[in-house]
Amino acid sequence: MNLALKDLRVLVVDNSPHMRDLLRSLLAAVGVGIVETADDGGEALGKFKTFPADIILSDWEMEPMTGIEFVQAVRHSVRSPNPFVPIIMVTSHAEADRVFEARDAGIHEYLVKPITAQALLARLSEVINNPRDFMRTSSYFGPVPRRRADLAQARAADLLAMRARAARAEA
Amino acid sequence: MAGRTENPQIVTAPRELAQKFAPVTFKPEDIAAVEQVLERFREQNQSMIVDEVRRLAEAWHEASKEYGADLVKNCVAIAHDLGGYGGTLGFPMVTSLCRSLCRYLRLEREILPSACSVIEAHVSALQVVAAKQIKGDGGAVGRALSAELSHAIEKFEGDRARAAKARA
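Each protein sequence line maps, in turn, to chains W and Y. Residue 121 is where the first sequence starts when you use the numbering used here, and the numbers rise one by one after that. Residue 40 is where the second sequence starts when you use the numbering used here, and the numbers rise one by one after that.
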């Protein structure tokens, strides 16, 4: 059990009580100490106002408010307590167009059910260890897409290398 | 993603999560602990596949009488969730069957009656998987089920393509 995560607060949103319990148990198994649950996007929005989640795991297919609508509300609503919160979508939808739709809504990570230990832990460590800046356009607010983030990193590395070369040349 | 061609504004996101918890590394014992929870979930929920497949079959039986939007939507919801549980419970065939089934259940209402046989082929295959508790790829039984289903799908898709051609 990872004691470092005992203060991590995770909000699990899934219409299935079995899946909520499973995710709660999986998180507890790696030491996540504080887990709150909700059974649709609407309830999750309500809970998020009083429960300052560090990470949200959200299903897609829920009623009345779907996971995509929930992500959009978190990212865009003026009443959102934290539009930057990392959101991992945990869903049975495996089609590429669904992944793009979720990305366009502003998720950080996408996890296709069935859940495996490696996949879940990889997504958690990714959002904790590699925070991403956000990007705003007329139609999007969410984490900078990974390729763009990689590009920015590459540009920063280029800039540093250029400065180092210039410093060496001056010396 | 519309809007990404315009000049985006980059907003520095807060780093509290990383500051509080990074670097987090999951050790092999963490993975083992998660695997144990998954194994326990499988043991405790063995009957879930049978129960949910029965629920799906009953829901489809009702929906196929009139193809009412809410009844069909209920079938999609059950099949979608079942697909999520299937693999987690050790029944990957349930996941793949449900994914395929959802594609047909989501067809437009006018086409849905013509897809009845292919939908029922999926439900029947799920009933066999649940009754025989077929895990993994199902071996010979799994291959026979897949072949039977492929035949039903090919027939439906062929009929559909011919109908579309005739309309054009």
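Be careful, since some hints might not be right.
[Said to hold, decoys possible] Listed below are several chain Y residues computed to face chain W (Cβ distance under 10 Å; list not exhaustive):
#1 Pro-47
#2 Ala-71
#3 Gly-125
#4 Cys-155
#5 Ala-205
No lab work stands behind these hints: they were computed from the structure. All values reported here derive from a predicted model rather than from experimental measurement. All C-beta atoms in this analysis are idealised placements derived from N, C-alpha and C, irrespective of residue type, glycine included.
Inset, instruction - Against the earlier hints, flag every one the structure doesn't satisfy and list their numbers going up. - result: Those not satisfied are hints 4, 5.
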